[in-house]
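**Q** In case you want the letters, here they are:
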Amino acid sequence: KAGVTQTPRYLIKTRGQQVTLSCSPISGHRSVSWYQQTPGQGLQFLFEYFSETQRNKGNFPGRFSGRQFSNSRSEMNVSTLELGDSALYLCASSLGGAPYEQYFGPGTRLTVT
Amino acid sequence: KQEVTQIPAALSVPEGENLVLNCSFTDSAIYNLQWFRQDPGKGLTSLLLIQSSQREQTSGRLNASLDKSSGRSTLYIAASQPGDSATYLCAGRGADRGSTLGRLYFGRGTQLTVWP
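Taken in order, these protein sequences are the chains called A and B. Its first residue numbered 1344, the first sequence is counted upward by one per residue in the working numbering. Its first residue numbered 59, the second sequence is counted upward by one per residue in the working numbering.
Incorrect hints may have been included.
[Unchecked claim] Sample of chain A residues with no beta-carbon within 12 Å of chain B, all distances over it, derived:
#1 1359
#2 1423
#3 1426
[As the list claims (entries may be wrong)] Cross-link-like lysine to any residue pairs, in silico, SDA-like; alpha carbons within 25 Å at most:
#4 B:59 x A:1384
#5 B:100 x A:1364
#6 A:1356 x A:1449
#7 B:100 x A:1418
#8 B:100 x A:1452
#9 B:100 x A:1373
#10 B:100 x A:1363
#11 B:59 x A:1398
#12 A:1400 x A:1369
#13 B:59 x A:1441
#14 B:100 x A:1443
#15 B:59 x A:1393
#16 A:1356 x B:100
#17 B:100 x A:1403
#18 B:59 x A:1406
#19 B:59 x A:1403
FYI, nobody ran anything at the bench for these hints, they're computed from the structure. Heads up, the beta-carbon is just placed ideally off N, CA and C, and yes, glycines get one too.
Full structure from sequences and hints, please.
**A** Structure representation (structure tokens):
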């Protein structure tokens, strides 16, 4: 069974631009969560989607948004990029029910210049 | 709010040693606890998941325990190998602002180096 895939793997953007990251979950998984990882803050929860509905959200500004499609694939969008948005963005999928074990993708490394 | 702490932050040992990595959490109302491994610049690999009703889980040379009453989990690595070198993260799933399904709260990790 294929694992979680994320595209693109690396991205360089300029401050003020916007970016869209994509995540394809493991087949059969209906929940997708997004995390931001930085050396200073560690892993921080962005949001979780289940059956196309956002069911939990972390403490990030409204510039960070996401969505999930009917095939469970998810996208995350960051508008008006800031230098501090440079991070590894990780996507995780799970069945959506117990035991809620999460499986992570390889991440997208975003660099904002 | 759940806070997860991992001790030590870094560990360097010779090959063959048995290791103990510690994880503590502040809210005992934890649904489950998951241990992950992360290699530099890579994603997270799930190692073990312990449900709140369980006391421990084992996979190969790895054994993880959970003590909800004391707010602690331990990852034991037997007969360490250079290939075990990575950052080990623990994460607890707990309630979050009315969301009964909660979310994962991560520790900052223990960076492990096993030298031959």
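**Q** Now look at each hint and say whether the structure bears it out.
**A** Structure-based check of all given hints:
1. 1359: holds, 26 Å
2. 1423: holds, 25 Å
3. 1426: For residue 1426 of chain A, whose nearest Cβ neighbour in chain B is about 20 Å away, the distance exceeds 12 Å, so it holds.
4. B:59 x A:1384: At roughly 16 Å apart (the allowed maximum being 25 Å), residue 1384 of chain A and residue 59 of chain B satisfy the hint.
5. B:100 x A:1364: holds, 16 Å
6. A:1356 x A:1449: holds, 20 Å
7. B:100 x A:1418: holds, 20 Å
8. B:100 x A:1452: Holds. Residue 100 of chain B to residue 1452 of chain A sits at ~10 Å (cutoff 25 Å).
9. B:100 x A:1373: holds, 23 Å
10. B:100 x A:1363: holds, 20 Å
11. B:59 x A:1398: OK: residue 59 of chain B and residue 1398 of chain A at ~18 Å, within 25 Å.
12. A:1400 x A:1369: holds, 22 Å
13. B:59 x A:1441: Roughly 22 Å between the alpha carbons, so the hint for residue 59 of chain B and residue 1441 of chain A holds.
14. B:100 x A:1443: holds, 22 Å
15. B:59 x A:1393: holds, 23 Å
16. A:1356 x B:100: holds, 20 Å
17. B:100 x A:1403: holds, 23 Å
18. B:59 x A:1406: Holds: residue 59 of chain B and residue 1406 of chain A sit about 24 Å apart, inside 25 Å.
19. B:59 x A:1403: holds, 16 Å
Against the hints set out earlier in the document, no violation occurs for any number.
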